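Protein chains in written order, with the UniProt record's numbering: chain C, 1 to 345; chain P, 1 to 345; chain R, 1 to 345; chain L, 1 to 345.
Derived from the structure by calculation, the hints contain no laboratory data. What you are looking at is a predicted structure, and each value in this text was computed from that prediction instead of being measured. C-beta atoms are modelled at their ideal positions from N, C-alpha and C, and glycine is treated no differently. Please note: incorrect hints may appear among the correct ones.
Said to hold, decoys possible - Below, a list of computed lysine-lysine pairs in the DSS-like style, where the Cα atoms sit at most 27 angstroms apart:
(1) R:Lys170 / R:Lys263
(2) P:Lys170 / C:Lys207
(3) R:Lys204 / C:Lys185
(4) L:Lys107 / L:Lys93
(5) P:Lys277 / C:Lys204
(6) R:Lys163 / R:Lys139
(7) R:Lys207 / R:Lys170
(8) C:Lys185 / C:Lys204
(9) P:Lys204 / L:Lys185
(10) C:Lys107 / C:Lys93
(11) C:Lys115 / P:Lys277
(12) P:Lys204 / P:Lys115
(13) P:Lys277 / P:Lys267
(14) R:Lys207 / L:Lys277
(15) C:Lys170 / P:Lys170
(16) R:Lys277 / P:Lys185
(17) L:Lys185 / C:Lys277
(18) R:Lys204 / L:Lys277
(19) P:Lys185 / P:Lys204
Claimed, not checked - Some chain L residues near chain R, calculated using beta-carbon distances under 7 angstroms:
(20) Leu92
(21) Lys177
(22) Lys201
(23) Ala227
(24) Thr229
(25) Leu235
(26) Thr238
(27) Tyr246
(28) Phe280
(29) Thr283
(30) Lys284
(31) Thr302
(32) Val308
Stated by the list, open to error - Some chain P residues flagged as far from chain R (calculated, every beta-carbon gap over 10 angstroms):
(33) Gln49
(34) Leu92
(35) Lys170
(36) Ala249
Number of protein chains: 4
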Amino acid sequence: MKVAIIGSTGYGGVELIRILQQHPAVSLYTNHSSSQDGSLLTEGYPHLQSIIDQPLQAIDTKKIASEADLVFTATPSGISAKLVPELLKEGLKVIDLSGDYRLKNSKDYEQWYNKEAGDEHWLHEAVYGLTEWLETDLKDAKLVANPGCYPTAALLGLAPLIKDRLIDEKTIIIDAKTGVTGAGKNPSPMTHFSEMNDNLKIYKVNKHQHIPEIEQVLTSWDAAVGAITFSTHLLPMTRGIMTTMYANATEEVNIDQLHNLYKESYKDDYFVRIREKGIFPSTKEVYGSNFCDISIAYDERTNRIMIVSVIDNLMKGASGQAVQNMNKMLGMEETMGLEFVPVFP
Amino acid sequence: MKVAIIGSTGYGGVELIRILQQHPAVSLYTNHSSSQDGSLLTEGYPHLQSIIDQPLQAIDTKKIASEADLVFTATPSGISAKLVPELLKEGLKVIDLSGDYRLKNSKDYEQWYNKEAGDEHWLHEAVYGLTEWLETDLKDAKLVANPGCYPTAALLGLAPLIKDRLIDEKTIIIDAKTGVTGAGKNPSPMTHFSEMNDNLKIYKVNKHQHIPEIEQVLTSWDAAVGAITFSTHLLPMTRGIMTTMYANATEEVNIDQLHNLYKESYKDDYFVRIREKGIFPSTKEVYGSNFCDISIAYDERTNRIMIVSVIDNLMKGASGQAVQNMNKMLGMEETMGLEFVPVFP
Amino acid sequence: MKVAIIGSTGYGGVELIRILQQHPAVSLYTNHSSSQDGSLLTEGYPHLQSIIDQPLQAIDTKKIASEADLVFTATPSGISAKLVPELLKEGLKVIDLSGDYRLKNSKDYEQWYNKEAGDEHWLHEAVYGLTEWLETDLKDAKLVANPGCYPTAALLGLAPLIKDRLIDEKTIIIDAKTGVTGAGKNPSPMTHFSEMNDNLKIYKVNKHQHIPEIEQVLTSWDAAVGAITFSTHLLPMTRGIMTTMYANATEEVNIDQLHNLYKESYKDDYFVRIREKGIFPSTKEVYGSNFCDISIAYDERTNRIMIVSVIDNLMKGASGQAVQNMNKMLGMEETMGLEFVPVFP
Amino acid sequence: MKVAIIGSTGYGGVELIRILQQHPAVSLYTNHSSSQDGSLLTEGYPHLQSIIDQPLQAIDTKKIASEADLVFTATPSGISAKLVPELLKEGLKVIDLSGDYRLKNSKDYEQWYNKEAGDEHWLHEAVYGLTEWLETDLKDAKLVANPGCYPTAALLGLAPLIKDRLIDEKTIIIDAKTGVTGAGKNPSPMTHFSEMNDNLKIYKVNKHQHIPEIEQVLTSWDAAVGAITFSTHLLPMTRGIMTTMYANATEEVNIDQLHNLYKESYKDDYFVRIREKGIFPSTKEVYGSNFCDISIAYDERTNRIMIVSVIDNLMKGASGQAVQNMNKMLGMEETMGLEFVPVFP
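Same shape as in the complex, but just chain C:
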């Protein structure tokens, strides 16, 4: 297998390199960047010294098509919208890590992203790559829209309850917390160490572009889901997302039943680990790995269910899931090259 990465200079691209470098079925991968043709990745990422020595290449779709079978586009929002159809036209398979092909309705995209949406045909064709809950066989897919980091954590946590209609769809609240790599590579006042260290920030209140993404998927599972509440916090840590989710139970439930539901739902999914009853996951327990760890609680006093899920935002929340999808597109074991033990502590 030969693959290409477009956008190697962002954190998603660099994490793809970390994974593919050790992937047994990828014989070659090349790195491309719009802005830094000819420069060395090691200038911005000296940790890659002796690992990646070839210079970054320009984004030449024909050349990429002649050398690779599949492309990861780890580009900022707005770039993939135009680039992806060009790559597909060359016969390449594409896994897009940006948000450009996730929202089926181009109006939603334009409203929440405030940019021009991607090609309507490909918006319709794109498979939303929440690997554990795929609705089509990826072997037939040409374009995978890789899910956002928050939606991955939220949807894996909510899926069993929504699919079993165990919660009141109008009561869903998702309180999400992320490490700072979620804000990307570019320095800004928000991510300046002096002001982010020992600090906790809430941002994009009621405006985060992952709101419509989560709603779209939940509604596809249960049409009664409409608007949800989703809030996002920036924490003084590098990696990791925790979503703490609340919803009212619609019928009498108990913790054993809920716990069994989750164990059963994910029994064949290597990367989703359900914690023992009463034990809740911390973000560091999945650091550097592709796991999503989930716990569930039920409070009889309020008849409210709480679900807690954690992921590494750069792995299961981005590049790890992208490679998991690649494995499926290419007919391989979904775990191949992804069995990283979490780096702890």
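Chain C is already provided as a structure; the job is to place chains P, R and L on it using the hints.
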């Protein structure tokens, strides 16, 4: 004014020292500890070198009564239950920073704290010291139960909405986040740097002892409030609490109305700062100060109100509020000795 | 006393505000900025809400002279060089927090700062404001060059040994470590949280502009001091500097003698605290305060003396020392308004 | 290959698990612990859920010998002293990660560790496993004393200069900085998050047990090396060591010559990466990997050479190097199973 601190070796006690050292109306204060009579505070707290040189004293209630007018008990839960009545018997005024005199119903205390409750007479007499919403004049109070850190942040944030009956009392969800000083001075696996750094933990799910404290106060304001959902997260930072709170609006509201309500509610309260519309506070913006900063948002899509409040857990969440209450008990300006500018960055 | 701050939008300026806000002898201070005339400080520093409400003013030297007695210039290097003489011409006293008036030799400045040096007359007139070792009475000074953060920590630590000729001047090595506020307010890749958190960087190897500053002062104390080794590390913390310093003893010494020398040297200096023998300071023990804590060790195996000093880089390393100098210039107690207890933890 | 880990509940043991889990030539490994026979590793290390499910086993040397070929002893100092000879007696090969078999002179051990030294025969037989500078073929070794974390970073940095006699042996100063995992798994006041976060501590001044270890190796390379200065600092980060080292040049040198020497010395060593001239490594650039990155500088002003080296203390500083040594003992490529790309950011 002469005051004594019992429990000077904990973080609450040490923060009291930081404040009282600079308080213009406190001429003397003494430090007492059950376990370390005769030792020096500077052994555990070398930052106090040249500031506190006298050794720690034993807890001799008669001696304290002969030297001080007022005592802060910054002792662990379970100690104050017995100690406070002895101090009161000697004629001392007491501000108790532990949780022992907050819950009016001793059964609640025993259930949530799993310890023996304090004296029934004093449980009844104790004034709950949420300074901005006091229901009696502290000048007449002998015992103030100083609020918990989380309840302070949550109650200051919810008060205007609850008192104006603007939210559905059955939909209140409080997602709380704290820095690690909230877990106290004693080292434990949970607070071990190697495992807490770059990590986010959720703990005491549906079991936190601040749940009944918040419910008790909210119910006293609006009898329709019953059980609430309150969850607690431990973040890799030293100080700071943020509570992100959600509730459904009961009637048509808009953001201007809500914002004005908050500005109006706290217009005479120096330590509560309402942010401009659309601006949300970060915990570091109150670091080392007695401020509680609050923002409010309204989402028309879900008809849900969100309130965000931040405090320094050791200041407004403990020792700062305790001194604010002391000022009121002694008939002074509530801001005296407390006008610390936040330490930023 | 009326004072003005030029450069209020940087960290040095904001720390001056924190101090002056609580200073008993400063009745008024105004905030000035070259770039943000008319805007509000609270836009970049919301922690100042309700504390500083007036907008930033332009830098109009005549207007400042009509309103203030003394000015702090907390401006970037290169700005003060030209601005300071203009302020002095108006009869203002100036305390310059930049590096522009510290190096007596303009060629040194141009070599190490790579900028045009300040006015020769004022370079000569400026008093280097290392408060504990001043060589002239500040009451007569018009211009104080406030020392750099690293030089303050290093010079306070080395002074007793150098002045007593106890170390071989050719063996001085200063290994310095700083928190990230030392790099200022502007975001950059170096201070981006995602790459600075959980990381340790060494920077400006053999090129730091504080090298000639330290050498100039040491040489003025002991002409045998020439070039020293001084290295600088950036640590994942907000505030704090530690300098670990090494030098060979020139004669037989022992730890008691060294410890007594330090106790004696600083016995009248409130802000310098000598630790007990065998106890070494941590940076957090001076956090938010104007203290410099120092320890000394002697290793018989190598005949080498080690000195460890810590400061808060924004306090004793910048704005705290500046106010200490202001107090002296105005004939007040040097501790006035500066007796902050360290914020711990 | 079948291997056993004794001491799986410490950080060294857990890091061995992370490596061996992905090692292509290790078919089985078992986990042993003195204190927790029968309990699950996942109780203390939930990140291992679904990865390690079998319970911890007691330390039964005969049983281990019947099941494994090689044992890692990742036990605290003082335990290996007695345990290692018992394992060797059973015919097992042993890689000891404790300090018990590093110091050849038992008196040195007893002085610096304040414990009883190991068996004299095995002290003599043990091969010091600084992999890049091994003096015997590990294929013949029965016992490898795996180097300490600090000595690994220091010795790899100093070796080329010492071996080429380019520095004055009496001027060596090593200023070392470590992340908190270096202090191990047990919580203590020193490593309590509230007091370690945003803090920098210096510890064990002139008393660190790695001093004689570094001196022993340096002296074996160049008998003129005697006592060195080595100081240790604890930083608010999880992993990573940087050693900043200083020594006077003995003859005229220049930076090109020094840089070439280092490039040449390590040209066949995959895990040692020499940075380009003028570029210095940060600890995060080796996070989670087995690399040691090194830079060198020369200051003509002082005739002093500076070397900077960084490692991940749990990888190249402990378990990574241990597996590197295992590979060599078993006649495999030294890089096998160790080609982890650093986790960045």
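**Asked** What are the numbers of the hints the structure violates, in ascending order?
**Response** 20, 33
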